[in-house]
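I would like the entire structure built from these sequences, with the hints used as guidance.
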Amino acid sequence: MINLTDQIEERWGGKAQAGFNVINSAWEVTCSQTALVEICEWIFADLDFSFATLVVEEEADEWRLRYIFYGGSNGWVHVLASSPRSEQTFPSIVGPVHAADWHEREAEDMFGLNFEGHPRLGDFILHDDAWQEGVEPMRHQFDPQMALLYRKPVEDWRPRRIVQEPGAFIMPVGPKYSGVAESAQFLLETVGEDVIRFSPRLYYKWRAVEKLAEGKTADEVLLLAERFAATTAFAHGLAFCQAVEKICGAKVPQRARALRVFLAELERLRQHTGQVQAICESTALVVADSQSGILEEDLLRISGELAGHRYLFGLLAPGGLTTDLSDQACQHALERSREALAGLDELETQLRVSSSFLDRLEEVGFVPTGTALDYGLLGPVARAAAVTDDLRRKQPYLGYDLFQFEVPSEREGDGYARLRVLFSECRQSVLIMGQALAALAEGRVREPVRFHAGAALGYVEAPRGGAFHWVRLDEGGRVLRYHITSPSFVNWHGFHLAVENFAFQDFPIMLASFYLSVAENDR
Amino acid sequence: MSRWVIKGIRTGIKTTTYPRGTESAPGTTPGLPGSGAPDSEAAQALVEICPTGVFTVAGGELVADVRGCIHCLRCVRLTHQPANWQAGSFEWAAETVPVNKLPGAFKKSVHICVVDTGDCGACLNEVRQLNNPYYNMHRLGLFITPTPRHADILLIVGPGTDHMRYALQKIYAAMPSPKRVVAAGACALSGGVFAGSFTCSEGIGETMPVDVEIPGCPPPPLAILHGLLVAAGRRPPAGSPATTAKTETPGTA
Amino acid sequence: MMDALMLIIIFLGLCGAGVLLSLLAPPARQGSVLAWTGCPAALALVLAGGAALLAGDTFSQALWSLPGLSTLTLSLDPVSAPFLVVTGLVLFPASIFAASELNREPGRGGSAKRLLPFSFSYHKRAFTVMLLGLYAAIGLIFVAGDVLLFMLAWEVMSILAYLLIVSLSSGEKDGAGAGYLLLAMGEAGTLAAVVGFLLMAAGAGSLDFGAIHAAAPGFSNGLKWSVFLLSFFGFGVKAGLLPVNFWLPRAYVAASRAFVPVLAGATLNLGLYGIMRVNAGLMPATSAGPGLIALVIGALTALIGILYATIDKDLKLVLAHSSIENAGIVIAGFGAGMVFVATSHPVPAAIAFMASIYHLINHSLYKTLLFFGAGVVETGTGIRNINKLGGLIKWMPWTAAAFLAGALAISALPPLNGFVSEWLTLQTLLRAADLSSAAEKLSFALAGAGLALTAALAVTCFVRTFAMSFLGMRRTRENQPVQEAKMGALAPMFILAVLCLGLGVLPTYVISALSPATTQLAGASAADALVPPFFSSNPEHSQLPAGFVQDFHNLGAQVGQSLLPGRGLVVLHRGGEDNPVVFAMSTSYMAVVLIILLGATFVVTRVWLTRRRRLLRRKRWDGGMRRLLPEMTYTATGFSNPVRVIFDAVFRPTTVEDTRETVSRHFRTAILRERDRTYLADKLVFRPARAALLKVARALAYLHQGKLNAYAAYALFALLAVLVVYLIQTS
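Protein chains in written order, with the working numbering: chain A, 1 to 523; chain B, 1001 to 1253; chain C, 2001 to 2731.
Calculated directly from the structure, the hints in this document are not laboratory data. Note that beta-carbon positions come from the ideal geometry of N, C-alpha and C, so glycine has one too. Hints are supplied without guarantee of correctness; some may be wrong.
Claimed, not checked - A partial selection of chain A residues facing chain B, derived with a Cβ cut-off under 7 Å:
hint, residue
1, Tyr204
2, Leu223
3, Leu224
4, Thr231
5, Val287
6, Ile294
7, Arg301
8, Gly304
9, Gly308
10, His309
11, Tyr311
12, Thr322
13, Gln350
Printed below as a string of structure tokens:
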């Protein structure tokens, strides 16, 4: 691990200082606003860290922004900048760190902060055609009753258009589109064939989970963490529990840790299979659609039989699991998962020789490696573009460093590469499940947690990529601030790269192959 | 291409016999809590532990209002005396207003418009499962249509977020009459865990009249199927003698 | 009953009177003068042509002889008669429309107009005088009986057309340039045509058309080829044929709203008339070569014309390119006829000429109608860019209805007139089976395929043109009201719409009426070939097997015979014993069926189905978004983009792409894309020709150095050269 204290002192002496935060095992660089952009650029570009998230915290007299970076063996760096409450202005870091684009937009919308130098603020979470100006819902003094006054349609709102070609128009999709689809709106600027520019308008499903969590106990917030994006419920619940456990210094029993790994990989296997089904469906390959549908339902039933719930709700608790799962039940689930995997392998073999299927996936929705890095893309989407990041390897948790597994990656960055990554990861997940079962120790599955005040970042490699949950608790174990950064939030930001300059007939395929969840993004 | 055909034939029939028979494969449904508790102490413990207030004590009896159940399973796993859990059941859908005779439009095939109003992904994923060979809703003449213009039934999932409310009203208005509204999942019935958020309503009932309610978090595919059949007047709703008998004797019929 | 010659004299007299009245009348009255003299004059033309066709009232009247040249002759034969009729039918509504345009323009006192070097009222008077003069010139061209009168009238017409484009131009930047291009191209074409005529005259020893026709069989092959090439490409300029049509779109855009219908409906026909007169009327083809060239050039012109029409976004340009397309179809049909004449197949030749002339008439009618519509739209909105129009049907429902009729007709949808002629043209091309040479068959097949594609694209083009202009949402100035056209503009449109329908549902009458023209050109009667006597009033003349006749009776093919005396309502081409029907169709019955279907649909959906149901009207479904904006609807460019993408190899556009960014390359503020709009003919013919001319001019300029000793040297060299030539000759 690097030692930042000296380097920061040397470069920005007087403007910034670094210390070590033990709870988060992260370097904390406290800097003045003038040095913020330079330091972030240095960490991101020179030290080759990835940008995880931006957390805004409202103090009595100031705004504190926490830019969280992580980088391989170098651990975590939190860059802290503050501004007096009256100022509300920060320099924008989007120039050097494009990945922070949507994070700053979110902070602007939610807290009314201004990011100087950010070219695209507004119309993000709060839709400009639905809300008047002046709503800052995440501020402490925000009165939900008053929000009603601001909630008025703005009639003269028009989307920003940047394509200037004779005959260019916007093709709107949604918010209600397709048969069974999550609500979101997409504006495709086009002259009729190729999408020249794509801009998503998300947050139709915004439930203000982070606001709702404030003032609730950790047990109550866990329900939210599991249910805001239930297709990856276990991963998000796990991230939240890990944050709470970090704050409280709780020790999770070995058996619970192994079971958590087992369940997390089962969820990954199931969700990847579901996505394979979505891709087959988008290409209208009916038999493959049915076959993958059967496998997904099989895995849902395996989960339901093992855990009592098809989406693994109600298993996690801070300090462990709510209930023990018997070794036999796990063994049975593993065997059935292996059967499902065999089905997946057969499906992949057959898909690989279905030219009509490959024609629609290959060289479609291409994202080059460099751009994927700029946008900080996560998960299978990034790994299909030769970005081999995986939090299970890069920042191991739950003892993942003790397991033997590979992080699959592909070079092409197209839809087919993403599909191959999904298949490979399914194989790895079943491998890990087997090892987790072998590592299953006897003993309790839950230790009582004694709540402390404090803040920590919980992170997991969710099926769609890295998820970061920032939790601040008070002494009584109530949540003061909860901030979720989901992989879909990051990947939606980069999704336009895949869509632009492709024919819009391929849009559903790109959407399916980009492995996105609206619920995970909208919170 | 022939390889796919052979594969399809080799797979055989996977489809459930429900609603002719019943389905008892493990993992198809998580079950729901039922009323009744061994003693008043246990009943009080259940009332306290449920985060969404499913249980109430009325006249000394523990009553479960399953509309609010979010399947946290705390009433089973975190109490000394677990709740009366109805494992294996799935015919949960209830009509808000009993209807004796439905208009002719629901007699034959029925088209369903599915709207997501802030759903977490689980309810929607379970609706998606209805298309897969295990459930194959098409065999029952149930079809999903992307446009409300062709829809007879509006199937709503999610807690009714602020940004979707206007769209929801437009969708409802765009549907031809006669139409029925089915709300699926705890969020759509009562707001679920999101009740209390300033951007969510406490149930779709706040926005429009709901005809059929399917509890569950998420309701498993069979429960949704039952709900749709109730909406189309082809299955009796939960609580009626026919469904109770079926739930109590799984594997028969 | 006045005879045709009298009517022609009345026509010329009315034009002359109109010119005089116009010179005397105040500017505000110019519209009335135009309408009250132009309309009767047009009517006289229709009657004269009608008399020649229906009553066989043809004439040849020598006027006076010019010493040393020839005798000027007025002559009307069945070939010119259809042209007279269609010109009259076009000029009648066009006069009303132009008059209403003149009346709509502010008269005197417009302060902005004062800034012009001459007052606007002068323009109005000049416009009327020149337009009536043009009418007379057009009429004269059709009734000219000798080369001299023909060329004189032609020259007058060319100059007046040029002046009309320039004088009351639509305000385009390059109006004057387009006028010059029209003049230059027209004169080059005229020159070629004159040379062609003179070659024929030299061969025949006379300038008289009759004499030339008589002498034509004796012309040498070389002479025939030269005359064909010179006349085809010379008159092809006016007709808009490849590769000499690049002036046409520019001129149409530059021409005023009042004049462009005349340009498309009447002057385009002159070029076609010239080609037909020379290559079939005067000098019937004896070898298949010229006909095949005409066929292939026609098909190519049609295809490329419709391709450009389908992608262009300027309403006037779409119509201009579509005129090129239609001229191509006419010439393709005509070329097929030439081949049949040369290979001694008079009946298919007659059918081909029928298709060609029928289509020519149809095109004049619907294109004039569509140009009226485009003019009205431009008047109402100030916009010609289809991408910026939209939703006009709510504001101008009558204009939309008339434009729709024109669009359906030009898309060749039954039962309108475009269908009849395009169907006949395609059937003609299928007659290639009668031909012996493989090359001929291949050319017919390829041309047929090209025309079929053209027909399909034409539907695309006009669905797009109508839908993007009149349907959907307004794309510019959403809430600003648009004035529906006045009666003076609506009446002409509806006159033409009714004519389009009439020519569509009563093809058997039209074919019989036009038959004398094709009889003269092909030597066989098209009416006999297409409207069999069986369907005429006298069933005994039927040459068909009795059983077949009975079948047709039972099928009701003669329904309406008693109602509409004279003809049946089925176009039917007979073959031999084994193949009694080669092709048959009836737009008349299609119209009946269509009316029944539409009526039944209305009854079923609106009356029967809603008896016990409530009819709910809801806003269009927009995916649940808060507000659907006009910029979220398909544009015309978007609609035709697939065509553009597929045929980019033909269009060969040069594209400019530029992206503007801010902060970092991922924040784009603008994506600019532009495609240039050059036409293939422009790129391949006009620009190289202009470049070559400039090169020659530059070389000549190099000689003109302005130095005295240089010129002295030139003189010396010239002298020496003459000496050398002289010495060689004498030695």
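Measuring from the C-beta of Tyr311 of chain A to each C-beta in chain B, is the shortest one below 7 Å?
holds (5 Å)
So, Arg301 of chain A near chain B? Judge it on the closest CB pair being under 7 Å.
Given a least distance of 3 Å, the restraint on Arg301 of chain A holds.
field: Interface hint status, Gln350 of chain A versus chain B (Cβ within 7 Å)
entry: Since the shortest Cβ distance to chain B is 6 Å, the answer is holds.
Hint check: 7 Å Cβ-Cβ cutoff, Gly308 of chain A to chain B: With Cβ-Cβ at 6 Å, under 7 Å, it holds.
Note to self: Can you verify the interface hint for Val287 of chain A: is its Cβ closer than 7 Å to any Cβ in chain B?
What the structure shows: holds (4 Å)
Notebook entry, point to check: How about Thr231 of chain A: closest beta carbon in chain B under 7 Å, or not?
Noted result: Thr231 of chain A check passes; min Cβ-Cβ to chain B is 4 Å, inside 7 Å.
Residue hint Ile294 of chain A, partner chain B, criterion CB-CB below 7 Å
Hint on Ile294 of chain A: holds, closest Cβ of chain B at ~6 Å, below 7 Å.
Open item on the list: Just to be careful: measuring from the Cβ of Gly304 of chain A to every Cβ in chain B, is the smallest value less than 7 Å?
Closed with: holds (3 Å)
Fill in: Supplied contact hint for Tyr204 of chain A, tested at 7 Å Cβ to chain B
holds (4 Å)
- Task: Let me know if the C-beta of Leu223 of chain A comes in closer than 7 Å to any C-beta of chain B, holds or violated.
- Result: Cβ of Leu223 of chain A sits 5 Å from chain B, so the hint holds.
### Message
Quick check on Leu224 of chain A please, does its C-beta sit within 7 Å of some C-beta on chain B?
### Response
Constraint on Leu224 of chain A satisfied, holds at 6 Å.
Item checked: Restraint satisfaction for Thr322 of chain A [CB to CB of chain B, less than 7 Å] -> It holds, given that the least Cβ distance between Thr322 of chain A and chain B is near 4 Å, below 7 Å.
No hint from the list above goes unmet by this structure.
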